[in-house]
Every structure is written in structure tokens, then in C-alpha cells.
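Undergrad: Now for the letters of each chain:
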Amino acid sequence: MKKVTIQINKKKIVVDEGRSILDIARENKIEIPSLCFHPDLEAKAGCRLCLIEIKGKNRLLTACSIKAEQGMEILTSSPKIERARKINLELIFAQHREECDDCIWKDKCRLLNLAKKYKLNLNRFEDRKKKFPWYQFGPSVVFDSSKCMDCRNCVEACHKQGADFLELREQDSFFEVFPTKDPKKDCIYCGQCLTHCPVGAFEAVGEYEDIEKPFQDKDKTIVVQFAPAIRTSIGEEFNMKPGEVVTDKLVAAIKKLGADKVFDVSVGADFTTMEEAKELLEKIKKGKGVCLSSCCPAWVKFLEFKYPEFIPHIATTRSPHIILGALIKTYWAKNQGIDPRKIKVISIMPCTAKKYEVIRDELEVFGMEPVDYVLTTRELARLLKKRNIDLKKVKPEPADNPLGAPSGAGVIYGASGGVAESALRTAYYLLTGKNLKNVDLKDVRGMEGIKKAEINMEGFKARIAVVTGTGNAEKILKELKKNPKAYNALEVMACPGGCIGGGGQPLPSTPEIRKQRAEALYKIDARKKLRLAHENPILKKVYKEFLKDEKTIHRICHTSYKKKTREVKI
Amino acid sequence: MPPQDIISKLKESGIKGRSGSAFPTGLKWESVKKAKSSKKYLICNATEGEPELFKDDYILKNHAKEVIEGMRIALKTIGNAEGYIYINKEYFKKYGTKLKKLIKKLPISIVIANEEYGKYIIGEETSIIEAIEGKRAEPRQKPPLPTEKGLFNCPTLVNNVETLYYVSQINENRYQNKRFFCISGKARNKGVFELPENWTIRKVLKETGNWPVSFVQVGGGAEGEIMLPKELDRPIRYMASIIVFDKKTNPYLLMKKWADFLMKGNCDKCVPCREGLYRLSEMIKKKKLEKEVLDDLFLIMEETSFCPLGRGASIPFKSLISKVLK
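Sequences listed follow chains A and B, in order. For the first sequence, our numbering assigns the number 8 to the initial residue and increments by one for each residue that follows. For the second sequence, our numbering assigns the number 101 to the initial residue and increments by one for each residue that follows.
Beta-carbon label-pair distances, calculated as ranges:
#1 B:Tyr352 to A:Lys570: 56 to 62 Å
#2 A:Gln77 to B:Tyr352: 48 to 54 Å
#3 B:Phe252 to A:Pro315: 32 to 38 Å
Simulated crosslink set (BS3-like; lysine-lysine; CA at most 25 Å straight-line):
#4 A:Lys138 to B:Lys385
#5 A:Lys485 to B:Lys235
#6 B:Lys133 to B:Lys109
#7 B:Lys385 to A:Lys137
#8 A:Lys489 to A:Lys570
#9 B:Lys306 to B:Lys423
#10 B:Lys357 to A:Lys136
#11 B:Lys193 to B:Lys161
#12 A:Lys64 to B:Lys116
#13 A:Lys485 to A:Lys295
#14 A:Lys138 to B:Lys387
#15 B:Lys235 to A:Lys167
#16 A:Lys62 to B:Lys242
#17 B:Lys418 to A:Lys64
#18 A:Lys488 to A:Lys468
#19 A:Lys482 to A:Lys191
#20 B:Lys391 to A:Lys126
#21 A:Lys115 to A:Lys248
#22 B:Lys386 to A:Lys138
#23 A:Lys188 to A:Lys313
#24 A:Lys137 to A:Lys188
#25 A:Lys10 to B:Lys249
Since the hints were made in silico from the structure, they are not lab data. Backbone N, C-alpha and C fix where the C-beta goes; we use that ideal spot for every residue, glycine too.
From just these sequences and the hints, can you work out the full model?
TA: Shown next, in the form of C-alpha cells:
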């Protein structure tokens, strides 16, 4: 890449030609306010806050969209810039209805921080959108259009998912964001609209008005289970660095909320690994074509709705928290002598789609729902803060026995590639009777949207594709339509980087932050002695004592899928 | 003396683009010609979206043959090129069949502008490029300029109907430095007149029997500047549209008309144009123009809008308020 020298505020900087000025400024700790820019998406240059002056150009330009050229002399602040920025801010404020107390950006709202910095007169203009309606997308996501600042990041994020559920439509001379009325399109509940919205116009259903609810059933045994991806992300809500591992602090904090038991969904993941590995081998042996991963409910919904022809290929194995929830209400309840109907299972999930997953009828176990309630990472953090429980300060406590000790394989489920890696570690064992010499399958790790690998299983080469983003997955599905044998397994997570970038995770969610969250999960795995799901003692015990026959295994660990028509009603 | 090539002829003629931005045509052609690419594009902009502007209508009606000839010359000059006529629905209905006949075997396709995206923004050159690529008609970030990376990322020459018409004249050495003046509004003698481009606005109005006037809007019915009779001793710089107003004109209704048109016609992608126009229109509705707010809105619209449409949207309001309302 050609290097060029530019000046920002008289400081000389040597940079790659063509990089955006905003990017360069941030790297050099030069503050330029911006709102609509998100590193996952195209620079839309719509909010007009990252204004700069460039010598020789006669008007203000935006740092997000201007690329570095040799000799550029840039100012990031001047009386003209500051004045224009303030006016644009006022105009953005005037289209965004504030509801700061109940906002997912509370405490880190860029808009509010800028308003303070620029001493805005917040009442200069009347709110343009105050009468705009809100919409609910199934049990997962709420869109409050009165807060929308028209940056259209959500529309792009939704388009990138291949869902195209959000669209622009003209109303009273404005192109506004709407959920589509097209019956051929539906929300997949991934929540990527939410993570890419700079002003909190999207939130999870119940966020935050219903967060107290799940803990209020006093006559029930409250069992909380937390997902693999939470342990390296929730710290961010308590001023810790992304990727800081807080597993045991999390357990202690949840206990303080009144949970009777706290289990680790990563243990459930070990069961998922076992069953999925069996399915994969079965499909390979019988030449039944590709095995599609089934842990991500947004991906499953995407397939059921948009690609029902692939339903026979989806692994019937249930997702980790559903299996663990079912085990809690059967195996564990029986051992403890508790009436399972008196148990309430709450899952803490990085995900908005999990709120949808838990109400699927197919998941019923002996007339019970395996999981009663889903709270997102953000919701749990908010609840802890509300109760003045500082995660940073609580004394760590390990998760409860017997469903609290996972293998490392169960922990990496939170990152894209983790499911495939765990399943392959176990499939290798099931096929060969031996464990892999090197269990690190690095080809399927990392933040790329599409990763491909070939794993040598003693003579048989398994072809794997690991994908994040359902839009990326469409590319692989198209390949599979042409050549059904192109891959043996396809792992798809709807969110960037996997669950660590989920719609329920702390904000912001940027590539850098997601990378740190994921790397921390791999570090946990690397440090563990127990790194293979099939070697987890509790898994062996449960299979021996409870999951003894195919019928029980099927009841607890497997599900079914069906072709779907549009669910979201607008 | 060897025959002069068309680019030197264009440069010598001094012709500037007739769509509004008045960019020297010769330079534009030269940069597309010089750009190295195995594929290039030519786009004839026939959207004519400004209110009360109908000169391209007139040209397509009377001189379509010369427009296509201009395109033929352009395609030949820039090389490896394919052409598009991006045309509004109404003009396509009127002239589509005729244009198709004239195109014959030339590599030119006609694309009808999708007015759903905003009747005005679809005429902006980078929006045209986006639209032909099958995307939403919204302006693109510049640089890169379309002449470097335009349609399908290839060097692209975008010219107005009128510009291409004159290319054919320049090519045949019969260009007389004229242009088409579109006179409308309360003019006694409305119409399209082909007159010398260096005539002053006053002379144009006088010679066409449209003098005296109360005030005029010069440069388009949406973003043209309001000018008083005493200001008309200069030629038109940009779009040759003159809208005549009489004493009975209600300035608030006029501003409302502009605001409605611009709000409907813009793409709503950037804050200053979308919200600035809205706040402006609210003040106009209430007939309460606060100077401080106006100054602020004009500043951000002019200085920080994404595309030329937003940057120019303050012109009519600003000039009307300062000259007519006072």
C-alpha cells in the first residue's frame, strides 16, 4: 500500500493512501465526533457531524468518507466546524425522541455526550417524530421509530443478513425506515439492527421494563444459566475491558439477585457437541449431504422461512441452553427431589433471537418449556446495576454442581467457529476412537465472514464452512444447491463474530471489541485441562444415568423444524 | 491543416455543461477519454426535474436526431463505450419510440428514471449512476468523480440533453455559442428560445417580449436564485431558466412550493438537507421566519449537505427573503 503524508491539526502523519480520515484520526487519538458511522457498515456520511476542513476545499467535508491523499492538510476543529456541527446536532436531537432512562445506550450515549459538550439548546426545535409509532418484531425486537435518526444503518444491517425486513418507504415527503409489509420477508430476530443503531431506536422486547419479572416468582426454585459468550463481554457494562473474563464473578452476582442455582450453558454445549457430532458422522456415513448447524435460532428461522428446502439438512440437535434447561427440569430436578413445575429456568443470552427460540412448541419436554425466560446480557447488567451489584467488586464464586463445569469446547461456542471446532474434536474421537493430537482448529477461528477448512479424519477429509451473517450463508447455500457435496458441515451464526457479537450484547459492538471477546474465550479453552466435550465427567454421568436410550436422548436433545410463513404482524 | 479533433473543438468553443453545474465540457470529455479502462460509459441525462423547466422537452421534440448524433460522437471519442439515456417517464412516453428509432444500431439503451426515489434527486449525476446500477437513486460520495469511477466503477461521461445537442453542432463547426432559454411563470411570452449565451438576462427578456418584470428566478424553479430587475445586466451562468413573477406573487406560497418540492424530491440521506428543509418549511408554514435560525439552517445546508442538491437548496429562499421579503 502506498504511503502518503497528511497533516491533521498541523500534526504530520504517515498513513496508507485511501484510508478514511476518521479512521486515521481515531488511531492517532484525535477526537472527531461521529454518530452514523459504524465500522461494520459502509460510511454513509449522513449525520454530518464528523466535519473537517481540508485546505484548498471551499466547504466542510466529512472525515468518515474522505480518503487520505498526499499532502492533505486537515483541521478537525474551527469556529465554522464547531458551529455547523452544533446545528446539525440540534437537528438530529430534534428528530430523536429522548427516553434516556430506558435506553440501551444509557451512560454511553454519544448523542447525549455531544449535546452536553456543545451545550445544546435541546428545545430549540420541536421533536419531529414524537408521534411516530413503535413496532414489535415477534418476541424479540422492538423498533421505536420516534427515536430513529434516519442513518439507515439498520436497513443496511438487515440487508446484509439477507432478510431485507427493514426498508425505506416514503411518508409525508420523508423516506423513513419501516418494517416491510411484504409477506415474503420476515424478521429473523438477530438484533443486528439494534447493535448498529447509534441512537437506541431498537431494543430487545422487555428491555428494560420487564427485567425484574423473571426473578419475582418466590415460590419457585430459580435456576439461572448463562451462555458461553457472556463471560467475556458483560464486564464492559461495568467499565471493564472487552474480553475480561468474569465467569465466576458473574455467578456470584447472579446469586445476589436471588438465584437458587447458577449453571453454565457451556455444559449444555458439551451435550450439543456430542449429539451434533453424532449427527454429522451419521450424515457422512450415509452420504446424506451437508449438516447445517442449529444453535443459532436466527439462522434456523432464516432457513425455515427463506430456504425451507434445506430443512432436512439442519441438525436436529437442540441448542445448548435448551438441552441444559431440559436436563435441569428432568435429570437434575429428579436428583434433587424438586417438582420440575416448581423450577423456573432463566437463560442469560447474548441474543435477541433466543427470546423467540424458547417459545417454539417443538421444544417442549414432558409438557414443560425447557427455558422459562431469556434475559439478554444487557438486561442482566441493567438489573445488576439497578440492585447496586457491581460485577467488578463481587467475590467470585464457581458455578453450581453438577451442571456448572464445562469443557473448553463448550466455552468456545460463543465465538464463530466454536461449534464446528467442538463438534469436530468429538466427531474425530467418535470416528477413530482417538483424540486429535492438536485440538486447535485454527482455520475455523477468527472474524472473517466466511471461513473454510478441511479436516483430516484419518483418511476421510471433512469439508467445513463456517459463516457469520445469514447473508454470507446464502452464498454457501447457493454453492450447495449447485453441488450438494461441496461441504460436509456448515456452521452459521447470524451475528458478526458469532454470539460474542449478538444482538443482546453490550454496546458498542465493533470488530475490535468482538475480536477481544472471542480471543478471551479461546484463552479460557486453551487454559483448561478438559477441552473435549466427550470427556466431560458430567456428560458421561448423565448419558450413563439418564440419556440411556434413543427415545430419551431424542426427547431431551433433539427437535424438529418446519417451513414457516411470515410471523411478524405489523 | 489536419482536421481538428472534437475535444479541442469543444475546448475552443468554450461550451459548458448545460445541466446546471456549468463544468467545461471539453475537460470532462478529455478526462474520460484519457482514463484507462477496457469499458467506459456515456450517460445522457434527460430527467429535467426542476419545476417549470422544459427546454430538454423542446430539444427532444425538435432536435432528437442531433442529440443522438452528439451521443454517437461521444461514444466514438471516449472509446470502448456504451451509452444510456436516463429519461423521465413523461419524456419517455413522448419520445421513447422516436429515440429508439434514431439509436438504430448504436450501443445505447434507454433507462426510465424511477421517480419513487425523489423526482429531483434522480437527476443528480451520481444518483443516475446508482439507479442504472439497479440501486436506490441516491448521491454517491465524490471523489472519485464519475469521470474516474462512475457507472459499474468505469469512467463515465454524464452530459445533459442540451450539451449533447450542441456537440453535434460543434462537430460540424456550426456552433454559434447559443443556448436554450426557458422562460416561464407569469411571462407574457412563455417558451423556449435559442439565443446567444452571452446575452444579459435583461436582453433575453426584452428580446422575447417579456419586459418589464417584478422579479425573476434564474437557474431553475427549485434552486434558482431570485433576482430583481436591477440585477439582470449579466448573462446566465448556470441553468438557463427564467421564471417571471409579478407583483401579486405571494412570497410565502412560493417558498412553500419550493420547500414541498425539495422535501419530496430529495433523498433524505443527510441531516442538513432533510432536517434543514423541514425546519425551513415549518417556519414558512407558520409565516414566522427567525433570522438566527434561518442563518443557522442556511449555513449547514450550504456547507455540510452531502450533494449539490442540498448545498443549493438555500439559494431561492435566501435570495427571496433578502430581496423580496426584506
